[in-house]
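Residue numbers (numbering that gives the first Met the number 0), protein chains in the order written: chain A, 0 to 338; chain B, 0 to 322; chain C, 0 to 274.
Hints were generated in silico from the structure; no laboratory data involved. As the structure is a computational prediction, the values presented were derived from the model and not from experiment. Nothing false has been slipped in among the hints.
Label pairs and their calculated CB-CB ranges:
id: 1; chain 1: A; residue 1: Ser224; chain 2: B; residue 2: Lys184; range: 49 to 59 Å
id: 2; chain 1: C; residue 1: Glu151; chain 2: B; residue 2: Pro313; range: 55 to 65 Å
id: 3; chain 1: B; residue 1: Pro313; chain 2: C; residue 2: Arg148; range: 49 to 59 Å
id: 4; chain 1: B; residue 1: Val231; chain 2: C; residue 2: Lys8; range: 24 to 34 Å
id: 5; chain 1: C; residue 1: Gln221; chain 2: A; residue 2: Asn282; range: 23 to 33 Å
Glycine included, every Cβ here is placed at the ideal spot set by N, Cα and C.
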Amino acid sequence: MRKLSLFNISKLYEMISDNKQLYLPVDNGAGQAGYKKWEYGMTMSQALNTVRSAKDFFFPQTENLVDFKMNGKNIEIIDTRSEAEDFVLFGVRACDARSFSILDKVFLSDPVDSFYKSRREHGTVITLSCTRPEETCFCTAFGIDPSNPEGDISSWIEDGDIYFEAITDKGAVLMDSFQSILDEADESAVETQKTETRKIMAKLPLADFNLDGFGDAALLEKFNSPKWAELSRTCLGCGTCTFVCPTCQCYDICDFDTGHEVKRFRCWDSCMYSDFTKMAHGNPRVTQMEKFRQRFMHKLVYFPANNNGEYGCVGCGRCLAKCPISMNIAKVAKKLGDN
Amino acid sequence: MQEIMKQRASVLLQEGKVDRVLGWQAGVFVYDITPSVFTNAEDLDHGFVYNDFCGNNLSKYLVKESRKEGKVAVFLKPCDTYSFNQLIKENRILRDKVYVIGIECGGKADIEKIKADGIRGVTGITGEDDTYIVDTIYGSTQVSKSRVLLERCMNCKSKKHVVYDELIGDDGEVQVTDRFDMVEKLEKMSADERFEFWRGELSRCIRCNACRNVCPACTCEKCVFDNDDSGVAGKASADTFEENMYHIIRAFHVAGRCTDCGECSRVCPQNIPLHLLNRKGIKDINEYFGAFQAGEDCEAISPMTAFTKEDVEPGTLHTKGGN
Amino acid sequence: MIEETLIPKLGRVTDVRIDTPDVKTFRVVSPDGGKCFEHIPGQCAMLSIPGIGEAMFSITSSPTNTEYMEFSIKKCGCLTNWLHLMEPGQAIAIRGPYGNGFPVETDFRGKDLLFVAGGIGLAPLRSVINYVRHYRANYGTVDIVYGSRSKEDLVDYNEIIEEWSREEGVNVHLTIDRAQENWDGHVGFVPNYVKELGFDVNKTVIICGPPIMIKFTLAGLQELGFEKKQVYTTMELKMKCGVGKCGRCNIGGKYVCKDGPVFRCDQLDEMPNEY
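Working from the sequences, and respecting the hints, build out all of it.
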């Protein structure tokens, strides 16, 4: 383990961004944090987490897939892909870090999504531990330890210093590149922090978030539960939850005619939207209840059934904070879990 | 107040005057309130809550609820009653299927403003006079209520209930406010400065559509932004300017019908001050067509849908906006 | 860069055959000649006209056809309307094959097969029927019950009459919904016809057609003594990616584009009822 005084953190940012694009959470002037490309003078936000999750870097909101040129009866297909540039994400929290491995299960499974793969290979993730979690946090329910985040390099801020530890080979390579400004460190301060944070997690209101009875065993019983009608009654169907969620990955493929060529791109979509499953002859999910149920069944039942019990949620709490009507996965799980 | 409301709702249900009650449901923390439909006294007892975090405007739900079987009772704060009236005027709510209970409101709090000072791990919030005592797992602290009110409550335009079947508490007065101050500030900016301001604010937009879905003026069965033939339906736009146009288009669609309920800004996950766009619309309408408050009553015709010879000439508007 | 399934290949339409007032069959080849790719009966491909749309269509020709692929497409929306106006020589964007296909080399081998189809539902089944006819010795008897609104709405009518009906060991039973002048065959809905014909329960059944036809046919088959695990069908939902990633076409934990479109009816019982 090595460390750096926070007074010198700017030097670290400089060294990293000399070779690669560096992104870190920055205050955005509206009382919130968002990832921005580092420029000289920027400091990392003190907020617990950003509003938009880090999934944007691997699965952007819009992404060009391919271009076409139309000429009479002929079509020319133009592959517009290019290798992603190297980049570094700094200050990613444990919840978002876990979300990457969930997205990997979707995009890197056969057939591999080359767009996602390229970004994933060129991105190095430096994660940051949490010391003052929010009441909306419940990452521990999914086996995530906020005091010991996964990543290529993990970091801890304690008492004016920031400690680093390379976890993966990719992380070790990056750490080598700024090794020169780091000092030796012993782990005791970090270990103490971990213990303290774990104690706090145990005191949070959602510490007892219980997933018993979920996973694939429950499929039809949970699907047919009459509680969905009540839970979805006042859902606005706005899609905010899906857009701030680090693991939601539904997308749409659209064609856009620029006049010079047709660009086929993909963009985020939401199962909460009215036309998500609409076909020429009807829509199997007619009311908001079916759409609402789909989102939570996917995260709590279908995804774990297809992925060895791993849930499609990381407990980041964004949906708890941002839903206009304060509905969220914790309330749904609790209501469906009650017998 | 909560207990009185709960009681009243119970009685209305028991007496069969209404079949369900639209109110607010308590959550896990004190501030995560979910609008909910209660059908019996037991549910009311367990879950009904009315506190300083009940900011949700319940009138929009009545568009669907008033079309179901039976009658629904609803609790409306003064600002909510304006939206209700406007929806009656637009024939979106069936008036005789709804029993309106007007309730007093001293302003609702914004949990994000409370947390803006770095307060985290909230376990409870209690209010006393002008102060909130915020309990957290990291210790307790106090905040001044007036500092953490919702944006719209900062310049509350009216404590008067413009429509109700019964009232709990006293009716209030229309307020004198400075709600157009920020709009004036923006008007005084140069066109470039104003453009920068809005480009900056709207750059955070993630097109989640929460503002549209919560807005009581947006009740179109097929929204233009969901209609592939409209040309503006993109879930993703060709460039950021086109993205920003979503808000300009929506502001024009609701102009003259917006009651300034402030829900759009409350629900925006990125804290974009959308209400300023709508307030500009209201200010201009007041200036050019005479003072008009949408939702004040069910009869007045909106200047946007009435053509009179006294209407301002297009030329006047053009010279004003074209600097 | 590596292979990317979302980026289509080029195909060219060499022939357009009018089947019914709203169904046309398109012949597609690769610009270099031959097929764009190989497939298993029951699999589908994404066809698109850039700027108009993209949709999943089942490949109606059998993989044993080495020269071209065929798609029978019903006119019912944006893209299909455009496709119906296509002329031979038109280029299209095509990608695939997608889906699990029918178990022609495993569960179907050696079995007596009963195909039940309604309207455009014959399209995916035609791929299996012609595959079975090609490898005739590997399969038992073939019964085909096929019905549509009227004689003019029967797809592949010529092939059915000229080829299928004339083949040894292949029994074709056609029906139309309402009597009409130039028809002296059976009149009645497909589910009822299946019950009337009364089949030996020692068959593997493959059904495709409007959901209501499938529902009643399945009920009728069960009355005859068939079990759900003998009956195969294909599902259809709105699809975009075709590879189980965009999250759209799922029924429970299964994606129709990837884990389907072919499902056995007993498997469907274990899935949520939202289709």
